[in-house]
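Visitor: Produce the entire structure from the sequences given, and follow the hints as far as they go.
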Amino acid sequence: MYTDCSHDTASRWLRAKYFRQKPSYSNRRVREIAALERMSAYVERKAIIRTEDRVANLFAELAAQWKRETAHLSSIAAKVSHPAYRRIVDLGPTAIPLIVRKLEAEPGYWFAALRTLTGENPARPEDAGNFRAIRDAWLNWARGRRLL
Amino acid sequence: MPEAQLEEWFPDIRQAGYQITSEIDLGYNCVAYAAEDQTRWWEPFRPDAYWPDGVALDDTLEGFVVLFESLGFELCDDADTEAGFTKIALYGTTDGDFLHVSRQLPTGYWTSKIGEAEDIEHNTLEALNSVGYGQPLRFMRKRDQ
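Residue numbers (the numbering used here), protein chains in the order written: chain A, 1 to 148; chain B, 1 to 145.
The set of hints was computed from the structure by calculation and includes no laboratory data.
Don't take each hint at face value.
Here are some chain A residues pointing at chain B (derived, C-beta under 10 Å) [claimed, not checked]:
1. 69
2. 70
3. 73
4. 75
5. 107
6. 109
7. 115
8. 121
9. 123
10. 125
11. 127
12. 128
13. 129
14. 131
15. 132
16. 134
Derived Cβ-Cβ restraints for the label pairs, each shown as a range [to be verified]:
17. B:16 / A:44: 53 to 63 Å
18. B:36 / A:64: 29 to 39 Å
19. A:64 / B:12: 24 to 34 Å
20. B:22 / A:46: 40 to 50 Å
21. B:126 / A:53: 38 to 48 Å
22. B:19 / A:104: 27 to 37 Å
23. B:19 / A:120: 36 to 46 Å
Part of the chain B face toward chain A, derived, beta carbon under 8 Å [to be verified]:
24. 26
25. 46
26. 49
27. 50
28. 115
29. 116
Using N, Cα and C, we set each Cβ at its ideal position, and we do this for glycine too.
Guide: As structure tokens, this is what we get:
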């Protein structure tokens, strides 16, 4: 999921080049291989961070578009059927921490997305219609999972 | 919500005249506001929303007519001010979709909750005619208590 094609290709090429020269490694070669492994892990971490940044940026753009185009609508059903909202849901579980942080920072009807992505609903049925109670229930849910 | 945003949603609102009368509040929508409930979001079918017991789950224009009848309103012919009555106007599409409801003030002007944004007063019903709200299609009245 978190891959960077160019780095993967380079990493595979370097590994293949070194590992072709089996069987006996000198101490120097062992150190070089260890350094390569560290470099590879570093590149992988950076690739993950870049991917997370890209997802966060995409989420921010879609969330802003969604609010701009649906905040005046009186129907939650209409809000959550907006293409930007559906694209956020399509981001999958990666979007969950982004959504709960957004919900904490700025109120919004994110509950349908959270229900879809988590398969859970921490809100009490008797709180139907009570935005603050439902929001609190989801924020507590997120805190319990160390997402906030 | 910035006025520019309101005027983007409702192209005729500036010319008709309006003013913002509350803070942004996601806690209630136009249906709740028309029913004079500022504590809940009213909408059928949604687990996040309130809908009165005993009222059929129906999100069409006619479904909302039935909702307001359950609250003591009756259909009437127009939006003209009538002494002793509060009127509401239900917006929608000619296909029967419900999109918004406004409540008449004693002055003859109208008040609306704009989605999850603010309450506004608008001088005419046509001020909110738009893609998002359609147009006023049903008028209802309720005797003042």
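Visitor: Could you run down the list of hints and mark each one as holding or not?
Guide: For each hint, the structure was consulted:
{"no.": "1", "hint": "69", "verdict": "holds (9 Å)"}
{"no.": "2", "hint": "70", "verdict": "holds (7 Å)"}
{"no.": "3", "hint": "73", "verdict": "holds (5 Å)"}
{"no.": "4", "hint": "75", "verdict": "holds (6 Å)"}
{"no.": "5", "hint": "107", "verdict": "holds (5 Å)"}
{"no.": "6", "hint": "109", "verdict": "holds (7 Å)"}
{"no.": "7", "hint": "115", "verdict": "holds (8 Å)"}
{"no.": "8", "hint": "121", "verdict": "holds (7 Å)"}
{"no.": "9", "hint": "123", "verdict": "holds (7 Å)"}
{"no.": "10", "hint": "125", "verdict": "holds (8 Å)"}
{"no.": "11", "hint": "127", "verdict": "holds (9 Å)"}
{"no.": "12", "hint": "128", "verdict": "holds (5 Å)"}
{"no.": "13", "hint": "129", "verdict": "holds (3 Å)"}
{"no.": "14", "hint": "131", "verdict": "holds (5 Å)"}
{"no.": "15", "hint": "132", "verdict": "holds (6 Å)"}
{"no.": "16", "hint": "134", "verdict": "holds (6 Å)"}
{"no.": "17", "hint": "B:16 / A:44: 53 to 63 Å", "verdict": "holds (59 Å)"}
{"no.": "18", "hint": "B:36 / A:64: 29 to 39 Å", "verdict": "holds (33 Å)"}
{"no.": "19", "hint": "A:64 / B:12: 24 to 34 Å", "verdict": "holds (26 Å)"}
{"no.": "20", "hint": "B:22 / A:46: 40 to 50 Å", "verdict": "holds (48 Å)"}
{"no.": "21", "hint": "B:126 / A:53: 38 to 48 Å", "verdict": "holds (46 Å)"}
{"no.": "22", "hint": "B:19 / A:104: 27 to 37 Å", "verdict": "holds (32 Å)"}
{"no.": "23", "hint": "B:19 / A:120: 36 to 46 Å", "verdict": "holds (42 Å)"}
{"no.": "24", "hint": "26", "verdict": "holds (5 Å)"}
{"no.": "25", "hint": "46", "verdict": "holds (5 Å)"}
{"no.": "26", "hint": "49", "verdict": "holds (5 Å)"}
{"no.": "27", "hint": "50", "verdict": "holds (3 Å)"}
{"no.": "28", "hint": "115", "verdict": "holds (4 Å)"}
{"no.": "29", "hint": "116", "verdict": "holds (5 Å)"}
The structure shown violates none of the earlier numbered hints.
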